[in-house]
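Peer 1: Model the placement of chain Y on the given structure of chain U, informed by the hints.
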Amino acid sequence: MTRRRRAMLVAMLVLSLGGAEAVGPGERRSGFDDMAPETRAMQLDDMANPGMLWVAEGEAAWRRPAGPAGRSCAGCHGEAEASMRGIATRHPGWDQAAARPISLEDRINLCRRERQGGEPFAPESDDLLALSAYVAHQSRGMPIALPDDPRLTPFREQGRHIFEQRRGQLNLSCAQCHEEHAGRRLAGSVIPQGHPTGYPIYRLEWQSLGSLRRRLRNCTVGVRSEPLDEQEAVALELFLMFRANGMPMESPAIRP
Amino acid sequence: MAVHGACRALLAAWVLLPALGEAQQPLHPFTVMGDAIPDSLTGQRGDPVRGRAIVASRQRGLCLLCHAGPFPEERFQGNLAPDLSGAGGRWSAGELRLRLVDSQRLNPATIMPSYYRTEELARVGAPWRGRPLLAAEEIEDVVAFLGTLKD
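One line per chain: the protein sequences are U and Y, in this order. The first sequence maps to residues 1 to 256 in my numbering. The second sequence maps to residues 1001 to 1151 in my numbering.
For the record, the hints were derived by calculation from the structure and aren't laboratory data. For each residue, glycine too, the CB sits at the ideal point set by N, CA and C. Where hints are given, some of them may not hold.
Stated by the list, open to error - Between beta-carbon pairs, the in silico distance windows are:
#1 Y:Met-1033 with U:Gly-246: 24 to 32 Å
#2 U:Asp-229 with Y:Ser-1092: 40 to 48 Å
#3 U:Met-142 with Y:Arg-1058: 48 to 56 Å
#4 U:Arg-29 with Y:Arg-1050: 39 to 47 Å
#5 U:Gly-188 with Y:Arg-1050: 24 to 32 Å
#6 Y:Pro-1026 with U:Leu-110: 28 to 36 Å
#7 U:Gly-188 with Y:Lys-1150: 22 to 30 Å
#8 U:Arg-29 with Y:Thr-1031: 43 to 51 Å
#9 U:Thr-153 with Y:Thr-1031: 45 to 53 Å
For reference, chain U alone in the conformation it holds in the complex (with noise of 0.2 Å):
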């Protein structure tokens, strides 16, 4: 057992090292840049890109009176394409109330409950994926941009923590896969880097339109993992977010 344990301790001491120079800035890829052409050509055509058919309704959404309220978001807000450009570059980002840091779509139903007076929308929901492929949309192209903020920094590194621990009956960390063996085939499919530029994102495997915590819950499944508590998720999602900093967003992005 001790010597397990040690031995244990010597990998994570290798992981973490590795950890902290395995993908340099300049090395950063998107998915994007492993997709096949006619994947790459299907995201940056707007009239054959299914994500935007949730900015559409989005934008519908966005203009419709809600709640008991019956505000809508741009009675509040205007024009997204001046109120919304770059906010999605900053999330999840610091709420005040909450004391923790909190992604855009809780964002989005925060301002719901408390502005519209209305009812959260359910987690993955049409309409919370619309309005957030909506307001992410407004960011598209520019640079992923989280404020070096020491209130988020506890968060960070706990989701620094969470890509390197390795977990689940297959005993991987995120890291293993996504800086160690990037770019090498899982089955058929090119490991991405893991870099969430592009959120949410129309996935061909799911046919559907999805959010990045159902990304990360594909591959807590997928090693046999306890799925992450909601803390858990957002601070992950704030590292990955960070380790993405300074990449152009992609808002509705593809994958396979």
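Peer 2: Chain Y alone, transformed into the frame defined by chain U:
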């Protein structure tokens, strides 16, 4: 569209679940000697035909997610790990057995899962907790099959 996607995800999760109601069995004891487990976990020789089916299965063995091998009928094999061709020429049955049971004893940083270990794992999901990836009989079937891959 979303409903269809959710169904697919649920189906995928369900396929990954081991058969429910299957009683949890304690692991068979085994002895590691050098870099091998010389004796069969069950005391019996495995069945190479069943072993081949386990290796090729994306739900049971999961081997082809990372390894390629002599399986012309299987598309989309991985390239994260060595080709299984010739495994039986490179390793003895005992060496193969330890590499399946707990490769992490030989290389703590390997991505090769420990197929017959239930301890010192973090955050294992409830359906899989306390269960090894493969049963002792299945390990022996895979050892028997890999032993046939001489070149």
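Peer 1: Now look at each hint and say whether the structure bears it out.
Peer 2: These are the hints, each one checked on the structure:
1. Y:Met-1033 with U:Gly-246: 24 to 32 Å: For Met-1033 (chain Y) and Gly-246 (chain U) the Cβ distance comes to about 52 Å; the hint is violated.
2. U:Asp-229 with Y:Ser-1092: 40 to 48 Å: 45 Å, holds
3. U:Met-142 with Y:Arg-1058: 48 to 56 Å: 39 Å, violated
4. U:Arg-29 with Y:Arg-1050: 39 to 47 Å: Holds - the Cβ-Cβ distance for Arg-29 (chain U) and Arg-1050 (chain Y), about 41 Å, lies within 39 to 47 Å.
5. U:Gly-188 with Y:Arg-1050: 24 to 32 Å: 25 Å, holds
6. Y:Pro-1026 with U:Leu-110: 28 to 36 Å: 49 Å, violated
7. U:Gly-188 with Y:Lys-1150: 22 to 30 Å: 27 Å, holds
8. U:Arg-29 with Y:Thr-1031: 43 to 51 Å: This hint holds: roughly 46 Å between Cβ atoms.
9. U:Thr-153 with Y:Thr-1031: 45 to 53 Å: For Thr-1031 (chain Y) against Thr-153 (chain U), whose Cβ atoms are near 48 Å apart, the range 45 to 53 Å holds.
Checked against the numbered hints listed earlier, the structure breaks hints 1, 3 and 6; every other hint is satisfied.
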